[in-house]
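Let chain A serve as the given structure and place chain B on it in line with the hints.
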Amino acid sequence: MIFNLDHWLEIWQTVRKNKLRTALTMFSIAWGIFMLILLLAAGRGLENGVRYQFRDDAANSIWITPRITGEPFRGLKAGRSVNLTIEDYEMVRDTIPGVEHITARFNLRGNFLVRNGLQFSRFPIRSVHPGHKYLEKTEMRRGRFLNERDIDERRKVAVIGNRVVDTLFKQTDPIGQWIDINGIQYKVVGVFTDVGGVGEQRMIYIPITTGQAAYGGANRIHRLMFTMGDADLEESKRIEQNVRNLLAERHVYSPDDPRAIRLFNHVENYQRFLQLFQGIALFIWIVGIGTIIAGIVGVGNIMLISVKERTKEIGLRKAIGAPPSDIIGLFLLESMTLTVLAGYIGLVAGIGTVELVQHVLGTMGNPPEFFRDPHVDVHAAAGAALILVLAGVVAGLIPARRAAAIDPIVALRDE
Amino acid sequence: MIHINQIRKSYQMGSLSLEVLKGIDLNIEEGELVSIMGPSGSGKSTLLNILGILDQYQEGEYHLAGTLMKSLSERKAAYYRNHYLGFVFQSFHLLEFKNALENVALPLYYQKVSRRKRNRKARELLERVGLGDRAEHMPNELSGGQKQRVAIARALISDPKVILADEPTGALDSQTSDQVMDLFKEVNASGKTVVIVTHEAEVAEKTSRTIHLRDGVVQNDTHNAGVAS
Chain A
1 MIFNLDHWLE IWQTVRKNKL RTALTMFSIA WGIFMLILLL AAGRGLENGV RYQFRDDAAN
61 SIWITPRITG EPFRGLKAGR SVNLTIEDYE MVRDTIPGVE HITARFNLRG NFLVRNGLQF
121 SRFPIRSVHP GHKYLEKTEM RRGRFLNERD IDERRKVAVI GNRVVDTLFK QTDPIGQWID
181 INGIQYKVVG VFTDVGGVGE QRMIYIPITT GQAAYGGANR IHRLMFTMGD ADLEESKRIE
241 QNVRNLLAER HVYSPDDPRA IRLFNHVENY QRFLQLFQGI ALFIWIVGIG TIIAGIVGVG
301 NIMLISVKER TKEIGLRKAI GAPPSDIIGL FLLESMTLTV LAGYIGLVAG IGTVELVQHV
361 LGTMGNPPEF FRDPHVDVHA AAGAALILVL AGVVAGLIPA RRAAAIDPIV ALRDE
Chain B
1 MIHINQIRKS YQMGSLSLEV LKGIDLNIEE GELVSIMGPS GSGKSTLLNI LGILDQYQEG
61 EYHLAGTLMK SLSERKAAYY RNHYLGFVFQ SFHLLEFKNA LENVALPLYY QKVSRRKRNR
121 KARELLERVG LGDRAEHMPN ELSGGQKQRV AIARALISDP KVILADEPTG ALDSQTSDQV
181 MDLFKEVNAS GKTVVIVTHE AEVAEKTSRT IHLRDGVVQN DTHNAGVAS
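Chains as they are written, first to last, in full-length UniProt numbering: chain A, 1 to 415; chain B, 1 to 229.
Worth flagging that the hints you see were computed from the coordinates, not collected in a lab. Careful: at least some of the hints might be erroneous.
[Unchecked claim] Each computed PhoX-like pair below joins lysine-lysine, with the alpha-carbon atoms no more than 25 Å apart:
| hint | chain 1 | residue 1 | chain 2 | residue 2 |
| --- | --- | --- | --- | --- |
| 1 | A | K312 | B | K112 |
| 2 | B | K185 | B | K121 |
| 3 | A | K137 | A | K156 |
| 4 | B | K76 | A | K312 |
| 5 | A | K312 | B | K98 |
| 6 | A | K19 | B | K98 |
| 7 | A | K308 | B | K98 |
| 8 | B | K185 | B | K112 |
| 9 | A | K308 | A | K17 |
| 10 | A | K156 | A | K187 |
| 11 | B | K98 | B | K117 |
| 12 | B | K117 | B | K161 |
| 13 | B | K161 | B | K70 |
| 14 | A | K19 | A | K237 |
| 15 | B | K121 | B | K161 |
| 16 | B | K98 | A | K17 |
Predicted, not measured: the structure shown is a model, and the values here were computed from it.
Chain A extracted, bound-state conformation (with noise of 0.2 Å):
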């Protein structure tokens, strides 16, 4: 049938019989599709740019910082400040389960004034724990992050950011060079990078115990944060309540106060969003495919009006002995090429329209931030032209057997 030469010619010729009637059909299929290709590359342009909005901090974590209570509890007034200390970070790492890479931060406010030789510059100083590379998606570069030596002996060691490197070392090795940190000397056993952006870039960090010895912070914390390996949104539910009980036991506040500790669970925060893409991309489905059945009735309208125009030419072709299969053959093969080619027209330009954009956003020195690599998968496209092999079918279904049902001696019949 596909392949019958003649099918081709008698679909050519009734096509060229009515030029504008099928340009403005295909044209009707190829938008449909071309709109639904723009729809799906714009929805995942959205979501890519909502992915690398979270790409600086681990997406499986959850951040932890102590306030002020707001309830009163056991007799203990409101107002009381949550003081978190290194023994609030050893029990939820060694007491709760589901926990993998654990650090807290001994906050160092403002810019420090950091030299080398006769270089310096301001740069801030954040103390933390050998797990805090995870938490931050630190990138080493050169030498090593901190560990738990550096931690125990309170070493004054030092890992810098590469904006750091470019200011004060110029083209020599910083590793195992000295920095003057605020009049204390650090040893550099480390560059980093981060994708989080110039402000990650010009870190430096330095042990907790040694930030918490140098800068006179005792025991005291100023920030919790772990991750939780592969948890799902419901495990990490059962974590963060698992912290917050423990917590408020050690501290001796309500575990329903909301406002003693704030709680930032990327988790929750991370499938919210995939849930409203899983939405959105539902949504343009949905739009995409009705545009498309728009596309459909058009086909199957512009085949019943051939059907009927040409009931004497079907009347006469199963008078001298067409087969009935013969005949929705005919009419199944027409509007499936004409979906078909209109729709393959359509997810050309849509890919087409896609690059241009990408390449656009390529050339935009300051590309925008929600809005990334839009761009069609594989799966989206192969999904489009099975759609469309349908829609041709369903299009030229009713006509077809419409037209095999025509009676010869109705249609032969003389004026």
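For chain B alone, coordinates are given in the frame of chain A:
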């Protein structure tokens, strides 16, 4: 060739049953040139449709070339129409978007004959009906007589057992009618059985046998003296 035995056919019009053929007996032998006449309402069109396997009948039997044609599936009916019968119509029914050659070749397409082969045969037949130089012309470039000759060539191409013609001269002037009738006689002389439905006496006179229908029965069956078959 055609053996019809007590065929009855009625149409249901609401609660009324209208009997169009009321028990027809008819035998047409191979190589005959027969005309069927009758006033409108006599059932001659219905009879032709049954002969052409385009319509069903309720009672009786119709044997075409020894095969019983009764309660056939659409597919079977199409097969027999294609292989056993050639149709010629009053208004020609050529496909407007195909040239003369393609029109003639069409029945062989449904026999899955290759394009080259059926075009060669179609050209031979166009030569035979005197239109060898018009093969590439479109139907709207042909006169009525020429169109009918193309249609006769199309009816002949599948080498059928019977040619069925429905008022083949109805749309033609008398001179062209004569030419078309001469062609039918020539076709008949080559051994084909030809059945022509007509209401024109001049046409019937040119056939060797005339069957008169009236009110759904054969009223008269006469052999025309002087016309060889």
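Checked hints:
no.	hint	verdict
1	A:K312 <-> B:K112	23 Å, holds
2	B:K185 <-> B:K121	21 Å, holds
3	A:K137 <-> A:K156	23 Å, holds
4	B:K76 <-> A:K312	21 Å, holds
5	A:K312 <-> B:K98	14 Å, holds
6	A:K19 <-> B:K98	18 Å, holds
7	A:K308 <-> B:K98	19 Å, holds
8	B:K185 <-> B:K112	30 Å, violated
9	A:K308 <-> A:K17	15 Å, holds
10	A:K156 <-> A:K187	6 Å, holds
11	B:K98 <-> B:K117	17 Å, holds
12	B:K117 <-> B:K161	21 Å, holds
13	B:K161 <-> B:K70	18 Å, holds
14	A:K19 <-> A:K237	62 Å, violated
15	B:K121 <-> B:K161	17 Å, holds
16	B:K98 <-> A:K17	12 Å, holds
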